[in-house]
Amino acid sequence: MGSTASTLSKIPDVETLMQETGFTPAHMVRLYDRFKALDKERKGHLCPQDFGAIKELAENPIGDRIVGAFFSQGQETLDFHSFVRILAHFRPVDKDRPRDPNVPEPINSRSNKLKFAFQLYDQDKDGKISRAELLQIIWQVLRAMLEMQVTEEQLESIADRTIQEADLDRDEAISFDEFRKSLEKVNIDHKMSIRFLR
Amino acid sequence: MLSLTLVLLVSAACEASTDLYVSETPLPPELVRSAVSPVPTPAGSPYTAEEYGHPGIALARSADEPASATDSGESSHHHGGGYKIVQWEWSYVQTPYIIAIWLLVASVAKILFHFSQRFTTVVPESCMLILLGLVLGGIVLMANKKQLYQLDPGLFFLFLLPTIVGDAGYFMPARLFFDNLGAILMYAVVGTLWNAFCTGFCLYGVKLAGVIDDKVEAGLMEFLLFGALISAVDPVAVLAVFEEVHVNEMLFIIVFGESLLNDAVTVVLYKVYISFVEVGPGNVQTADYFKGVASFLIVSIGGTLVGLIFAVILAFVTRFTKKVRIIEPLFVFLLVYLAYLTAELFSLSAILSMTFCGIGCNKYVEANISQKSRTTVKYTMKTLASIAETIIFIFLGISAVDKSKWAWDTGLISCTLIFIFVFRAIGVVGQTWVLNWFRLVPLDKIDQVVMSYGGLRGAVAFALVVLLDGEQVKAKDYFVATTIVVVFFTVMFQGLTIKPLVKWLKVPRSTNRKPTINEEIHERAFDHILTAVEDIAGLNGYHHWRDKWEQFDKNYLSKLLMRKSVYRKSELWEAYQKINIRDAISVIDQGGNVLTSARLSLPSMASRTSFPEVTNVTNYLRENGSGVCLDLQVIDTVPGAKMEEETEMHRALAGNLYKPRKRYQSHYSRHFMTVGEKEKQDREIFQRNMRTRLENFKSTRYKRHKKDRSQKKRKGSDAKEQESSDKPRRNVSWQDKDPVVVPVEFENEKNEQSEPEKDEDVGITFVARKAPETPKERPKSVPAALDVCQSPAIVPPSPTCGEKNLPWKSGVGTLPPCVSVEATKIIPIDLQQAWNQSISSLESLASPPVPLEPQHPRVSALSRLGGPPRPLSTGSVPAPPVTGQFQFPGGKDEEEESALSQQQQEIQPLMSSTRPPPPPPPLPAQPAGKRRNPCVYLRSLVTASPPGSEPHSRGPTQL
Numbered sequence: 001m002g003s004t005a006s007t008l009s010k011i012p013d014v015e016t017l018m019q020e021t022g023f024t025p026a027h028m029v030r031l032y033d034r035f036k037a038l039d040k041e042r043k044g045h046l047c048p049q050d051f052g053a054i055k056e057l058a059e060n061p062i063g064d065r066i067v068g069a070f071f072s073q074g075q076e077t078l079d080f081h082s083f084v085r086i087l088a089h090f091r092p093v094d095k096d097r098p099r100d101p102n103v104p105e106p107i108n109s110r111s112n113k114l115k116f117a118f119q120l121y122d123q124d125k126d127g128k129i130s131r132a133e134l135l136q137i138i139w140q141v142l143r144a145m146l147e148m149q150v151t152e153e154q155l156e157s158i159a160d161r162t163i164q165e166a167d168l169d170r171d172e173a174i175s176f177d178e179f180r181k182s183l184e185k186v187n188i189d190h191k192m193s194i195r196f197l198r
Numbered sequence: 001m002l003s004l005t006l007v008l009l010v011s012a013a014c015e016a017s018t019d020l021y022v023s024e025t026p027l028p029p030e031l032v033r034s035a036v037s038p039v040p041t042p043a044g045s046p047y048t049a050e051e052y053g054h055p056g057i058a059l060a061r062s063a064d065e066p067a068s069a070t071d072s073g074e075s076s077h078h079h080g081g082g083y084k085i086v087q088w089e090w091s092y093v094q095t096p097y098i099i100a101i102w103l104l105v106a107s108v109a110k111i112l113f114h115f116s117q118r119f120t121t122v123v124p125e126s127c128m129l130i131l132l133g134l135v136l137g138g139i140v141l142m143a144n145k146k147q148l149y150q151l152d153p154g155l156f157f158l159f160l161l162p163t164i165v166g167d168a169g170y171f172m173p174a175r176l177f178f179d180n181l182g183a184i185l186m187y188a189v190v191g192t193l194w195n196a197f198c199t200g201f202c203l204y205g206v207k208l209a210g211v212i213d214d215k216v217e218a219g220l221m222e223f224l225l226f227g228a229l230i231s232a233v234d235p236v237a238v239l240a241v242f243e244e245v246h247v248n249e250m251l252f253i254i255v256f257g258e259s260l261l262n263d264a265v266t267v268v269l270y271k272v273y274i275s276f277v278e279v280g281p282g283n284v285q286t287a288d289y290f291k292g293v294a295s296f297l298i299v300s301i302g303g304t305l306v307g308l309i310f311a312v313i314l315a316f317v318t319r320f321t322k323k324v325r326i327i328e329p330l331f332v333f334l335l336v337y338l339a340y341l342t343a344e345l346f347s348l349s350a351i352l353s354m355t356f357c358g359i360g361c362n363k364y365v366e367a368n369i370s371q372k373s374r375t376t377v378k379y380t381m382k383t384l385a386s387i388a389e390t391i392i393f394i395f396l397g398i399s400a401v402d403k404s405k406w407a408w409d410t411g412l413i414s415c416t417l418i419f420i421f422v423f424r425a426i427g428v429v430g431q432t433w434v435l436n437w438f439r440l441v442p443l444d445k446i447d448q449v450v451m452s453y454g455g456l457r458g459a460v461a462f463a464l465v466v467l468l469d470g471e472q473v474k475a476k477d478y479f480v481a482t483t484i485v486v487v488f489f490t491v492m493f494q495g496l497t498i499k500p501l502v503k504w505l506k507v508p509r510s511t512n513r514k515p516t517i518n519e520e521i522h523e524r525a526f527d528h529i530l531t532a533v534e535d536i537a538g539l540n541g542y543h544h545w546r547d548k549w550e551q552f553d554k555n556y557l558s559k560l561l562m563r564k565s566v567y568r569k570s571e572l573w574e575a576y577q578k579i580n581i582r583d584a585i586s587v588i589d590q591g592g593n594v595l596t597s598a599r600l601s602l603p604s605m606a607s608r609t610s611f612p613e614v615t616n617v618t619n620y621l622r623e624n625g626s627g628v629c630l631d632l633q634v635i636d637t638v639p640g641a642k643m644e645e646e647t648e649m650h651r652a653l654a655g656n657l658y659k660p661r662k663r664y665q666s667h668y669s670r671h672f673m674t675v676g677e678k679e680k681q682d683r684e685i686f687q688r689n690m691r692t693r694l695e696n697f698k699s700t701r702y703k704r705h706k707k708d709r710s711q712k713k714r715k716g717s718d719a720k721e722q723e724s725s726d727k728p729r730r731n732v733s734w735q736d737k738d739p740v741v742v743p744v745e746f747e748n749e750k751n752e753q754s755e756p757e758k759d760e761d762v763g764i765t766f767v768a769r770k771a772p773e774t775p776k777e778r779p780k781s782v783p784a785a786l787d788v789c790q791s792p793a794i795v796p797p798s799p800t801c802g803e804k805n806l807p808w809k810s811g812v813g814t815l816p817p818c819v820s821v822e823a824t825k826i827i828p829i830d831l832q833q834a835w836n837q838s839i840s841s842l843e844s845l846a847s848p849p850v851p852l853e854p855q856h857p858r859v860s861a862l863s864r865l866g867g868p869p870r871p872l873s874t875g876s877v878p879a880p881p882v883t884g885q886f887q888f889p890g891g892k893d894e895e896e897e898s899a900l901s902q903q904q905q906e907i908q909p910l911m912s913s914t915r916p917p918p919p920p921p922p923l924p925a926q927p928a929g930k931r932r933n934p935c936v937y938l939r940s941l942v943t944a945s946p947p948g949s950e951p952h953s954r955g956p957t958q959l
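Residue numbers (the UniProt record's numbering), protein chains in the order written: chain A, 1 to 198; chain B, 1 to 959.
FYI, nobody ran anything at the bench for these hints, they're computed from the structure. It is possible that part of the hints are untrue.
Below, a sample of chain A positions facing chain B; criterion: calculated Cβ distance under 7 Å [to be verified]:
{"no.": "1", "residue": "17"}
{"no.": "2", "residue": "48"}
{"no.": "3", "residue": "49"}
{"no.": "4", "residue": "52"}
{"no.": "5", "residue": "54"}
{"no.": "6", "residue": "57"}
{"no.": "7", "residue": "62"}
{"no.": "8", "residue": "92"}
{"no.": "9", "residue": "165"}
{"no.": "10", "residue": "182"}
{"no.": "11", "residue": "183"}
{"no.": "12", "residue": "191"}
{"no.": "13", "residue": "192"}
In this text, all values refer to a predicted model and were calculated from it rather than measured experimentally. Glycine included, every Cβ here is placed at the ideal spot set by N, Cα and C.
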């Protein structure tokens with residue numbers, strides 16, 4: 001416990017961060033350790049290259065997209081606060097938390113989780129998943145599964161079908177609302193959460 | 001030889017008997033407990049058929065007969081004294097006959113229960129089967145003064161249970177199972193141990209306290225033994241009850257998974273205690289307890305390993321069955337069953353073995369075997385499991401009616417009931433509390449209530465208690481009676497009340513919904529996202545390991561266990577095709593329903609309503625190139641229910657359509673099923689349809705109906721927008737008002753029409769008219785869907801109008817929807833050529849009437865006038881000329897009068913208009929009012945630039 005407290009004290013502004021993200025002190029310590037481990041040169045922030053050191057991530061078909069999502073708005077660096085905030089998207093939703101309309105939605109709310117996923121798809125940040133973007137993601141997902149036999153045509157028909165299914169306003173692209181609607185029946189809390197060890 | 005034939009015959013009826021004989025075990029007739037009948041009848045003496053009217057009596061009478069079913073020599077000896085024309089060979093057929101009769105009774109009982117829909121929604125089938133068993137048992141008892149049958153443990157463990165477990169394991173949703181494996185293992189191991197010990201000790205305590213009668217001679221070990229066998233949740237009962245309750249998948253998989261995996265615990269506890277009882281509690285040494293623990297590990301892990309080994313063998317074998325497709329299903333059954341038997345052989349956990357064999361092999365086997373084999377496996381497994389379940393419950397009921405076994409002790413029974421219920425609840429709450437620390441999705445209170453209440457005991461407990469040795473366990477009869485009561489109470493009372501309880505607690509139900517393509521894609525992507533995030537956060541969590549496993553599976557296992565041809569097949573693509581097929585089936589299902597319900601709304605129309613979009617020829621061709629050409633949009637409007645029925649329908653239709661030409665080419669090989677004729681046929685059908693369609697092209701004037709409809713059905717802003725640019729028109733909602741007789745019966749019509757290669761063969765031909773009118777016009781009337789096909793801007797001109805009517809037909813006509821990738825490579829070329837040919841041939845004809853103004857709503861009224869607008873066609877092809885009698889009923893009501901006045905003005909523009917129909921609003925590529933010759937237009941579509949080159953065109957992306 002003592003080590004936890006001492007580590008916590010090293011993190012600047014830890015209280016607000018915990019409040020914001022809902023992580024417990026143990027989580028914070030763990031993430032801070034991880035952050036420091038990634039930050040090999042002790043510069044206090046992370047660069048995309050630091051993520052490149054993670055070997056599993058290199059194998060991940062959409063690993064570069066995820067890394068891109070960590071460095072939003074063209075920033076080249078990532079401090080610990082942003083790091084934690086982004087990871088907080090994947091915290092499971094706590095059910096017993098009182099629904100207070102005044103408090104802004106927690107980071108790990110359903111729509112925030114979806115927003116995170118959406119921005120992974122929406123590479124050109126125009127608020128829409130275009131056909132090309134969808135094709136790309138399908139391609140990457142399939143490549144991961146070594147399903148190389150898929151022809152371009154098949155891929156396109158899948159993409160078209162996907163857009164058709166989700167596209168409500170017939171603009172040939174999936175907006176965030178459409179994206180959310182298409183996944184309405186999916187238990188996002190379940191599918192977009194990971195368990196952070198206590 | 002004769003006996004072999006007979007065995008084969010009966011084995012076709014039931015696999016239980018097959019197993020009985022194939023395995024060549026010298027089992028006595030399992031169903032008949034050998035007992036001396038009070039009515040001694042000489043073996044082989046001729047009975048009258050009436051005496052055997054009731055199976056129970058028949059069985060009872062035969063019980064004392066020598067079970068030597070194959071001893072035909074003996075029976076002939078009895079019939080000595082000259083040649084008899086008819087001989088009674090009961091002893092010869094006895095065993096298989098009895099088995100078959102029981103199966104028949106069970107199946108008929110199932111049918112009867114499902115006569116009343118309302119009844120079956122309230123009362124679970126298992127309850128009814130037990131009640132039926134009670135009645136049958138009562139009849140047998142009255143006839144014989146002695147019960148002859150009970151659930152024989154040997155029969156149960158060797159034949160009935162494996163069929164159910166095999167089905168459960170093979171069709172276990174693997175992802176869901178492993179997602180919840182932690183919880184399942186916890187409940188299965190810790191929960192069962194907890195239940196067993198607590199129940200055992202508390203019963204002993206109660207016995208000491210004097211609540212249980214002294215006649216129950218049982219010590220601590222006996223009670224612990226009883227606790228062990230009564231505490232295990234039973235897979236058969238859970239499956240039977242929960243399948244009707246439809247709780248959400250997670251809850252179901254946890255309870256059901258527990259009931260499967262606790263088998264190892266039960267087996268070990270049972271065996272350990274029996275050995276303890278044998279040596280006497282005083283002689284048990286400390287080492288024995290450790291042996292018990294070691295035995296548990298061996299039994300569980302060993303059982304799992306055996307199952308996995310057999311899974312690998314099975315998957316590997318099915319890799320090489322390409323030439324002998326016909327025996328593929330057999331391999332599945334045999335090896336899964338062998339996994340069970342092998343585990344039994346080494347006294348490992350057979351249920352674990354079979355479950356893991358099923359889970360393990362499913363993915364590879366399903367990929368390897370053919371579609372037909374898949375269906376066969378599925379239906380056979382389900383049939384067997386269902387009949388086994390039925391027999392189990394009936395026999396449970398029959399077993400209860402046996403005075404000789406009843407040794408009632410109220411104290412024991414009530415205490416057992418209370419204890420198992422209380423400890424189950426306590427156990428579940430306690431374990432859930434622990435689990436929720438680790439679970440991503442915590443189990444809330446409602447889940448816990450259902451899990452506690454769903455702890456059903458069943459036939460496994462009963463079979464185990466019957467297996468007890470009455471010499472060793474003095475209180476066996478008491479235990480048997482208590483077990484029966486417990487089983488009945490849990491299955492009947494809890495089974496009956498769990499449905500209302502679930503409803504009352506508002507437990508999230510499972511939705512019988514198939515994932516959409518969006519969900520398929522995104523969920524895959526989510527998995528990768530989560531894996532990446534876990535890696536970034538440095539957590540080697542569940543997703544990390546799942547991803548590792550998937551890599552391993554892809555790199556090694558699949559390579560080893562899957563055929564090369566399927567190894568690289570895309571799962572996503574398969575999912576996509578499945579969705580398309582599903583849509584198509586639901587379309588046809590909807591169409592079928594609509595047609596019979598006298599409300600005319602065709603599937604293609606329905607699809608238009610939800611999706612008034614435009615596709616073009618290029619797109620159509622490409623779509624075919626990609627394997628499936630189906631109506632894709634219907635997913636929004638059609639509920640995905642009734643899948644079984646739909647599949648049935650689909651298969652029936654697919655099997656019947658366009659078959660006639662090959663009808664007489666039956667083949668007699670027992671070893672091979674010929675495939676591949678279909679392709680040629682498909683091509684031919686396509687060309688034929690193409691010709692027909694093009695000839696019908698001249699009757700495009702009917703398009704107006706269709707257009708009108710589709711326009712009208714368009715929702716909201718689209719429709720408004722459209723209307724603003726159109727003439728004011730009245731929407732004719734005729735399809736809602738007027739019963740339309742559609743003289744179409746799917747299969748018959750199809751066969752009949754495709755056989756004589758009529759020019760009018762346009763798939764489904766229907767007449768929208770009032771019933772008594774001009775039935776003879778039917779063949780010439782123009783299908784409504786034709787309109788759609790003819791309007792180039794609306795829909796890809798499809799090879800046949802039937803295709804639009806019955807989009808699955810496209811699957812049959814051009815490509816089987818479930819076609820493999822290889823087949824798709826052939827067709828598109830043909831399509832392209834054929835289309836080009838037909839276009840050019842069309843152009844050589846005189847210019848057909850051009851697509852008319854689409855918005856015109858008055859055609860029906862117009863045709864009513866008897867002055868039908870003749871097509872401008874002067875071509876040699878006889879266009880369907882009769883339009884006067886062709887009445888769309890829409891125009892006739894209040895529409896008609898007002899329509900009459902206007903319509904004269906409208907005829908002229910209609911006739912002379914050369915405009916293609918203005919496309920629906922969202923289409924930018926073909927603005928309304930563009931004048932084009934339709935032929936040229938179509939041509940241009942065919943040769944249109946490849947997909948993707950015109951980013952704003954609706955076409956290429958429109959499937």
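Verification of the hints:
1. 17: violated (15 Å)
2. 48: violated (12 Å)
3. 49: violated (14 Å)
4. 52: With a closest approach of 11 Å, the residue 52 of chain A hint is violated.
5. 54: holds (5 Å)
6. 57: holds (5 Å)
7. 62: holds (5 Å)
8. 92: Interface hint status for residue 92 of chain A: holds (5 Å vs cutoff 7 Å).
9. 165: Cβ of residue 165 of chain A sits 6 Å from chain B, so the hint holds.
10. 182: holds (4 Å)
11. 183: holds (6 Å)
12. 191: holds (5 Å)
13. 192: Because about 6 Å separates residue 192 of chain A from the closest Cβ in chain B, which is inside the 7 Å limit, the hint holds.
Checked against the numbered hints above, the structure violates hints 1, 2, 3 and 4; every other hint is satisfied.
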